[in-house]
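Enquirer: Work the whole structure out from these sequences, hints included.
Going by the working numbering, the first residue of the sequence shown is number 99, and it counts up by one from there.
For the record, the hints were derived by calculation from the structure and aren't laboratory data. Since the structure is predicted, the reported quantities are computational estimates derived from the model, not experimental observations. A hint or two may mislead.
Unchecked claim - Cut-off 20 Å, straight-line C-alpha distance, at most; resulting in silico cross-link-like pairs (PhoX-like, lysine-lysine):
1) Lys-100 <-> Lys-126
2) Lys-100 <-> Lys-348
3) Lys-352 <-> Lys-100
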Amino acid sequence: MKVGIGLPNQVRDMRPSVIPGWASQAEKAGFSSLGSVGRIAYPGLMDTVALAAAAGATTTIGLISNIMITPVWPAALLAKEVAGIDAVSGNRLTLGIGLGGRPDDFVADGLGPRGTGKRLDHDLEVYRSVWRGEPVDGGSTPLVASGTREVPLMFGGSAPATFERLARWGVGYIGGSVPPEIVAPSFDATRAAWKNAGREGSPRLVGIAYFVFSDIEQGRANVRDYYRSAGEEIVNIISSGICAGPDAVKSAVKTYAELGADEIILNPGLDDIDEVARLADVVL
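Expert: What follows is the structure in C-alpha cells.
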C-alpha cells in the first residue's frame with residue numbers, strides 16, 4: 099500500500115508560504131501523493147491554490163484532492179482550473195470529488211446547497227466535455243489547450259448515488275476522515291458497484307487519517323476546529339481517529355492495508371514543516 103501526505107492547507111490560519119517547501123520535502127522523502135482538503139468558509143488556503151503551488155514545486159509526486167467540494171464551483175470554470183493544475187504538474191492530478199454539506203461553503207450566486215447531487219451529475223458531463231476540447235454553452239472556442247487529458251476522478255461520500263457515480267465516471271473511492279472501521283463498508287460498496295457496472299480491474303481505494311507528532315494538543319484542537327460546524331457528534335467521531343504519535347500512525351496504516359486500500363493519505367493537524375520528516379521516519 100502506498101503512503102501519501104496531505105498539505106496543511108486547511109489548518110486554521112496556516113501559513114500559505116509553507117506549501118511549496120512542504121510539497122518539495124514530501125516528494126524528496128518518498129511519499130506517493132500530496133493531498134488537499136477543501137472548504138470555502140474557513141481561514142485556510144483554497145485547495146486549487148494549494149494543489150497548483152504543489153504542482154509547481156514538485157516533478158514526480160502524485161496530487162489528489164481529498165476531497166474537493168465541486169458543486170460550489172461553476173462547472174466549466176472548475177474544469178478549466180483543474181485542467182490547468184493537471185497540465186502544470188505533468189498529468190499528476192487526481193480529482194477527488196464530494197458534494198459538501200455545510201451551507202456556508204456555497205458562496206457563488208445561483209449555486210446553493212440544495213440539489214447538489216443533480217447538479218453534480220450535470221457538472222460531470224461538463225467536465226468531460228471541457229477536457230475533450232469541446233466548446234460549452236453554445237460557444238465556438240475550446241476552454242483548454244489541445245492535448246488536455248480527462249483528469250481521473252475519485253468520489254467520496256456514503257449515499258448510494260456516490261457509488262453509482264464512481265462506477266460510471268471514476269477510478270475509485272476516497273474514504274472520509276473517520277476511523278477505518280467506519281470506512282470499511284464503503285470500500286465494500288465500491289467494489290460491489292464496480293463489479294455490477296461491469297468495470298474491468300479493481301477500483302482505486304484511498305483512506306484518509308489525520309496525524310500529529312510535535313504538539314498533539316494543538317493538532318487535535320485544529321482538527322476539531324475544522325469540523326466544528328458539522329456538529330459535536332461528527333467532531334467526536336473524527337477526533338477519535340486522529341493518529342497522535344508514531345504508534346497510532348502505524349496502526350492506521352496497518353488497518354488500511356488490511357482493508358485492501360491502495361493508498362492512505364495522512365493529513366496534518368499542524369502546518370509545522372518538520373512534521374513531514376517525522377511522518378516519513380515512521381511510515382517510509
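Enquirer: If a hint holds in the structure, say so; if it doesn't, say that too.
Expert: Evaluation of the provided hints:
1. Lys-100 <-> Lys-126: 15 Å, holds
2. Lys-100 <-> Lys-348: Within the cut-off at roughly 13 Å; holds.
3. Lys-352 <-> Lys-100: 11 Å, holds
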